[in-house]
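Going line by line, the protein sequences match chains A and B.
Quick note: our numbering has the first sequence finishing at residue 333, numbered continuously throughout.
Quick note: our numbering has the second sequence finishing at residue 691, numbered continuously throughout.
Treat the hints as calculated values from the structure; they're not laboratory data.
Calculated Cβ distances over 12 Å to all of chain B for the following chain A residues: (1) E12; (2) I17; (3) V95; (4) L103; (5) V114; (6) V158; (7) L174; (8) V175; (9) R187; (10) S194; (11) T212; (12) I215; (13) L299; (14) L305; (15) P307; (16) W316.
Only some residues are given here: those of chain B computed to face chain A with a beta carbon under 7 Å: (17) L376; (18) P406; (19) D506.
These stretches of chain A come out as covered by chain B in the derived footprint (C-beta under 8 Å, 3 or more residues): (20) 34-45; (21) 129-142; (22) 225-233; (23) 283-295.
Just so it is clear, the structure is predicted and the values come from calculations on it, not from any experiment.
Think of the CB as a built atom: it goes at the ideal place given N, C-alpha and C, for glycine as much as any other residue.
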Amino acid sequence: MQRAINGLKRWETLLFIIFIGTVLNNVAQSPAYLNPNNFINLFQLSIEKIIVAITMTFIIINGEIDLSVASIMGMAACIMARLYDVGVPLETGIVIALASGALAGAFNGFWVAVVGLPSLAVTLAGLVGYRGIARIMLEDRSIGGFPGWFNAFGQQPVLGSLTLGIVVFIILFLVGAIILHRSAFGRYVYAIGSNKEAAIYAGVRVQRVKMTLFIASGMVAALAGLLIAARFGAVRGNTADGFELDIVTMVLLGGVSIFGGSGTLVGVGLAILIILNLRNGMSLINITGNTQTLVIGVLLILSVLIPNWGRAVQTWIMRQRLRSAELAKGGER
Amino acid sequence: MKKVLVLLILASLLAMTSVAIARDVVVAEPGQEVRMLLLPKFLGILVFDEANQGALEAAAELENPAPLIFDGPTPENSVAGQIEIVTNAVTQGIQALMISNNAGDQIAPAAQAALDAGLTVVTWDSPIPSAVGEQVFVAQVDFNETGKVLADMALSILGEEGGQFAILSASPDAANQNAWIAAMQEVLASDPAYANLELLTIVYGNDQSEESYNQALGLVDAYPELDLIVAPTSVGGPAAAKALQDEGLCGEGTDNSVVVTGLMLPSEVLAYVENGCIPEFALWSFVDLGYLTYYVTYLLATGAIEAEPGVMFEAGRMGTYEITEDPTRENGLRVLMGPFSIYNIENIYAAVGMEAPE
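This is chain A alone, in the form it adopts within the complex:
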């Protein structure tokens, strides 16, 4: 256990070093990087993804995955836009859109937690299905022209120079960290993720925990979908298409094990900072999107390989020690 904790600490230290390296590199590469507006932009441009990465962290630590988040984002945005288009007040549309996200999450949760199907399959179906609803809602149209106050939530600062999205992210991150690392619910999330059977025998209400997580994931995704609608000022059927992979990338790079049971929100926070700053730095010196994707891909591969190599090296050293100890024993005889 102690070793595992040390390992985690080492991973976060490594992330922190990479983060500092990225920042220093950006400062050296582009004078525009230090522009205060740039730091707001850097978060704003990916704000919806990093908000959903918080709930995704819980889900993956819990030993599950939710691939339907981007489709739920699109679905919620499209439902709101369609309702607005047919004359429903925007406030009502927002509430209905958020509810639709929670409902989609509950639907995922039902098949995973109650029926016991693998979340990979269930949420993959969700990815297709919820996107389908989004596309049916808008049929190849683009709906915009929302009231100014709504667009302002996505584009204008609400607190100092922070936008609503950034405020939401900070609050969710802090609340998420407290729940995950300081509450009984958080301990259950880890316990189920590392060994579901043991958790059941220990009296953890596995179904309820999983259900809660999927509903939260759906609702937060819907909220992120509304934020992207406000930021772009218009919605179409493919809004947020493909975001799920970027979100999962952030979580895995943060040191969360894809098999569940380990990882921290701090690690994910650092991974988010690394990815956003890396992308921003490359954009500022006009490195194209293809290269950016490549660099982040390499980073992700390394994030999966390095801990495994570390473990392999550790095991090898332990074996050597055992062997030499046995040899020593044999010598005594």
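Keeping the supplied structure of chain A fixed, place chain B upon it in accordance with the hints.
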């Protein structure tokens, strides 16, 4: 400023001496530094590379000491990517943006922010539908004329007796394609000559070869009576022709029961024109479009002209152009390039610089 004054005085002198010249035609003054960024819908499409060539040609003529930046998003990330590039351009200290918009009105907030920050924002190829965040749109051809050209090509291929056709477009939010399709539908409805042309459906291949290919296959499966696919996109056209050829519906040894027409690049569809899959298609020069866009943007960014209707300017080798109200969009201004070239087996060899085989 002084130079602008001198120009103005010279121009007004000219106006006084010659009654025939009603308005001043502004000529760009070379050598001024403007940091300019050419933003295509996404990278990896030949027509956008051609536009970049044209822009580079103009940049060299205008002796702009700042190098032209050509940067675009990846195809699958086009909307968010374009918005990201526009937003970061402000931070980078770019002074003028030339956008082929693929994000519909979703890019308007970011483009408006760039305008507010003092950048020059010009769209080309595809405008911002609401015209919010854009000063002027450099239109390749008149959008209504495009509709007419598409309808005429369909008519000439299907003949008097007519037939059924489907449209394979780019993305649902591509303002240019949408406007052309709308114009084509209007032409079809307005003139009895087109009464026998029946539009079955519109599908979208998102300017991706594979997706367009699959959409074309889907069309043939869904509509056995289909005679023609109209693809107003340089990616969709050849992809559809390939799909029909692979299905044995057109090409050598077939009766060309289903064929393709639309807007395409001669160099990309030569083989399909030769084998009959694409009897006829149309396009304008993207090199010229990039060249003209660069001139307009340079003139606006250096303060030589304002984005107002009636402003006339000279765009190097292409001659004199005028900024006018855009008849296809409320509140929009445009510079119209035109005209169309229609290609078929007769003239395609010349267009790609080859000798016609005997």
